[in-house]
Each structure stands twice: as structure tokens, then as C-alpha cells.
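Undergrad: Here's the letter readout for the chains.
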Amino acid sequence: MKSNIIIVVIDDLIDERSPLVVKLNQEYEQVSIFNNSVEGLKFIKDNLDSKTIVILDLTLSGDDDNGHIVLEKIRANSFLIPVLIWTASDEKQEPFADFINNRAFAFIKQSRPVKDILKIVNEAAISLETDVASSLEDWLMAQPQTKDKPYMVAINGKSFTVEEMLNEIRMQSLIGKEFSYKLNKLTIDLLTRNKEKLDD
Amino acid sequence: MINTIIACDSTDVTLGDFFLACATHAKSIFDKIPIMVLEIHSQHLNEINIGLKVSSLNHQNFIFAAYSHGGEDCLVVGATDPYVSNVLNHTIFNNGFIYTFSCSSGKTLGALLVNQGAKLFIGYNKVIYVILSEVAIFVECANEGLRILAFGGSVGEALAGMTEKYNYYIDALYFKDFFTASTLMENRDALVAHTGEGVDRDLLTF
Chain S
0 MKSNIIIVVI DDLIDERSPL VVKLNQEYEQ VSIFNNSVEG LKFIKDNLDS
50 KTIVILDLTL SGDDDNGHIV LEKIRANSFL IPVLIWTASD EKQEPFADFI
100 NNRAFAFIKQ SRPVKDILKI VNEAAISLET DVASSLEDWL MAQPQTKDKP
150 YMVAINGKSF TVEEMLNEIR MQSLIGKEFS YKLNKLTIDL LTRNKEKLDD
Chain V
0 MINTIIACDS TDVTLGDFFL ACATHAKSIF DKIPIMVLEI HSQHLNEINI
50 GLKVSSLNHQ NFIFAAYSHG GEDCLVVGAT DPYVSNVLNH TIFNNGFIYT
100 FSCSSGKTLG ALLVNQGAKL FIGYNKVIYV ILSEVAIFVE CANEGLRILA
150 FGGSVGEALA GMTEKYNYYI DALYFKDFFT ASTLMENRDA LVAHTGEGVD
200 RDLLTF
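In order, the protein sequences belong to chains S and V. Just so we're aligned, residue 0 is where the first sequence starts under numbering that gives the first Met the number 0, counting upward by one. Just so we're aligned, residue 0 is where the second sequence starts under numbering that gives the first Met the number 0, counting upward by one.
Read the hints as simulated data drawn from the structure, not as lab findings. Hints are not guaranteed to be accurate.
To be verified - Some chain S residues judged to face chain V by a derived CB distance under 7 Å, without partners named:
| hint | residue |
| --- | --- |
| 1 | P149 |
| 2 | M151 |
| 3 | A153 |
| 4 | G156 |
| 5 | S158 |
| 6 | V161 |
| 7 | I174 |
| 8 | K176 |
| 9 | K181 |
| 10 | N183 |
| 11 | L185 |
| 12 | D188 |
| 13 | L190 |
Even for Gly, the Cβ is constructed at its ideal location relative to N, Cα and C.
Build the full structure now, drawing on both the sequences and the hints.
TA: This is the structure we're talking about:
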């Protein structure tokens, strides 16, 4: 069965016939290709409610932003989207500090065999499916509460709507990370009080 | 005779309804036993009123239950104005059994009030949260220790009962609403009690 994770490829030189795209289409229900970053970013923003992996070309043609800037723009919307930087250039020549800060999932040479690249995409998919923050994002999106009404209020006066909570989680802010931490802690609490057991 | 004060910021913008629900629930507990209750709500929650009322009761044991926002060294009304704090009136709570559902006041204020003569402070040492779709559960958990104390239970029993109540709802909820369950767990873990040095919590009752 194909995965319902959306694969977004932002690359000015790729099309449906590319071996990587052919392979991705065999494993993923939707592979969306964008030859410029503006359309790619718009698609990502419009689909924040879906699980998405981005394969981002580092060097886009013409006046288009380079991969560093595009990654930064993706991170302005969510840190939960795995972004695989894909490049023909030498990684040793490339500044990478911002890739770490903006949590790029991987840095892939385009010259690598398609099966290797696919393996990394699949690792990103597993990470996305098992990440606590992503699960929390899914759960919050399914909440029936009106999104602009406070859902959770701290007894210091600070309140959060579901929409604001989603944003904190996507931006992986301190409070967003705390939400995830609480869930991990709950799991440990239930295990230590023998309310749940780990599967063999 | 009045020997219990309920301080409630019932007109607070974000949580006034919740604080009022806590106060109403607390009152329903005291309705069942011979304890007279004086309520002080938002517009009267200030240093002067608290001073007047508490000073008239502190010659013997009394309960001071507070439902409002708080900070490490204060309880506040309207989320900003202290009505109990480390500088305003921390010395007047002799013989007080102070019970709060407010953020962080268990961190500094609780120990300070007990050092100045209060017999007990039960509160929370971190920022605590309420999920507005489950107010009734949060109210019940917030007041469980007060209920146990009011019915003659010891401080030790009140704390154990609160933990039990939180666990009951955590276990009942985690499968269908893990976020609320995790919030209750965090509140449970922020729960803190202060008593005088050497006091046996299993013997201390109201």
C-alpha cells in the first residue's frame, strides 16, 4: 500500500520522468513537483494539515531563492516537515550551519543512486509517522473545538487556542516542545504505574 | 462561626468562570459540614480586605482557599494585582490552612506563609493549566484535598487523595484524550505542600 505522505519536490530541472520521481510515485500516493520555490512554498503552506516531506534542490535557477532561503521560509511555517536538501554541488563547499539550525533532515548528493535517496526519504517518512510532535499535531487538528476559542488556559493568565497550540508545536517553540515532553512523560507515568505495557 | 475564607477571582477575563466553578464546588463541600464560609470575590480581593477578614479569624485554625492567578511569591487578582504576597501581608496567616489552585505560589509564597505561622500551604510549584472542555474534572481535582481536609482528614490523606483523584482521571482519559490526561499529570506533579518543621502530616488535621 502506498504511503499517504505527500512528497514535495522543489527543483527547477526535474520532471515526472525522472527516475527518482518514478520510484517515489510507486511508494507515495502524491508526489508534487514544483520548478520554482514560490509555488512550492505556497503548496506547503496550503497543506500544513497534511503530512509532507520536502526534497529541496539547493540551487534553483534564475532569480529564484536558493535552498538556504527556501528552507528558512519553510521553517517560518513549520519545523515538523522533514526537508531533504538535494544538490549537485559539493557539500564541503556549502555553508551548512543554517541547515543545522533549520533542521534539515538530510543533505543528499544528486549523484547518489536512486535507491539510496529513496531510503532516506523513507527514513524521513518513518520519522514523521513516529514523531510525538507530529502525532500531537494530528490530534489537535482533529479536535472539534472552535479554533479561535481558548482551549487551554494557564493559571498565570496565558491562554492558547487550538490554532495557537498547533503553531507552537509546528514552530517547536519552548511551549510547543513542552507539549511533546508532557506526552512522553505521560507514557512513562502510565508504564511505571502499570497502566500500560510495552509491546514485545 | 465563620472559619473559612474562599478568595475567588470570579471576574478574571480568562479563567473567571473556572475560578467561580472552583469556589462554588468548594462551597458545596462546606455546605455538608458545620463550617461557615466567607467568600471574597474579585472586586473585594485586595490587601485591606484580606487583612481585615484574616485578622479576625487567625486566633484559631481557619481555612483560606484561593482560586486565582498566582506567581512564585504572590496570589493576584486580575492576573496582575497581588492580594496576598511576600511583601503585603505574609505575616497574618497564623493558624491558616491555606489551599490554593494558582500557578507557582507553592514555590516561594507557600514556604514563607508557613514560616510566618500558617499551619499548612497546599498549592502548585509550577505553571498549571486547565483544559476548558473538561472544567468539571479540573475543578474536582483542584478541590479534592480541600474536601478531605474539611471532612477531618489529615494533610497526608489530603495529598494522597489528590494524587489518587488526579490518577483516576488520567487513567480514565488517556486513551481518548491524551492531551488532557498529560495536563492533569503535570498539575499533579506540580502539587506541593508546606507544613511547619517537624510536623507529622499524617496527624495534622483542620
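Undergrad: Each hint should be assessed against the structure and marked as holding or not.
TA: Okay, the hints, checked on the actual structure:
Because the beta carbon of S/P149 sits about 6 Å from the nearest beta carbon in chain V, less than 7 Å, this interface hint is met. The interface hint given for S/M151 is met, as the beta carbon of that residue sits about 5 Å from the closest beta carbon of chain V, less than 7 Å. Because the closest C-beta pair between S/A153 and chain V is about 5 Å apart, less than 7 Å, the hint holds. About 4 Å separates the beta-carbon of S/G156 from the nearest beta-carbon of chain V, less than 7 Å, and the hint is met.
Because the smallest distance between the Cβ of S/S158 and any Cβ of chain V comes to about 5 Å, under 7 Å, the interface hint for this residue holds. A least Cβ separation of about 10 Å between S/V161 and chain V goes past the 7 Å threshold, and the interface hint is therefore violated. The interface hint given for S/I174 is broken, as the beta carbon of that residue sits about 10 Å from the closest beta carbon of chain V, more than 7 Å. Violation of the interface hint for S/K176 is found here, the shortest Cβ-Cβ separation to chain V being roughly 13 Å, above the 7 Å cut-off.
Residue-level restraint check for S/K181 holds (minimum Cβ-Cβ distance to chain V is 4 Å; threshold 7 Å). For S/N183, the suggested interface contact is broken, since its CB lies about 9 Å from the closest CB of chain V, more than 7 Å. Annotation: interface hint on S/L185 holds; nearest CB of chain V at approximately 4 Å, less than 7 Å. Proximity of S/D188 to chain V holds as hinted, the smallest CB-CB distance being about 6 Å (cut-off 7 Å).
Hint status for S/L190 relative to chain V: violated, with the closest Cβ pair at about 12 Å, above 7 Å.
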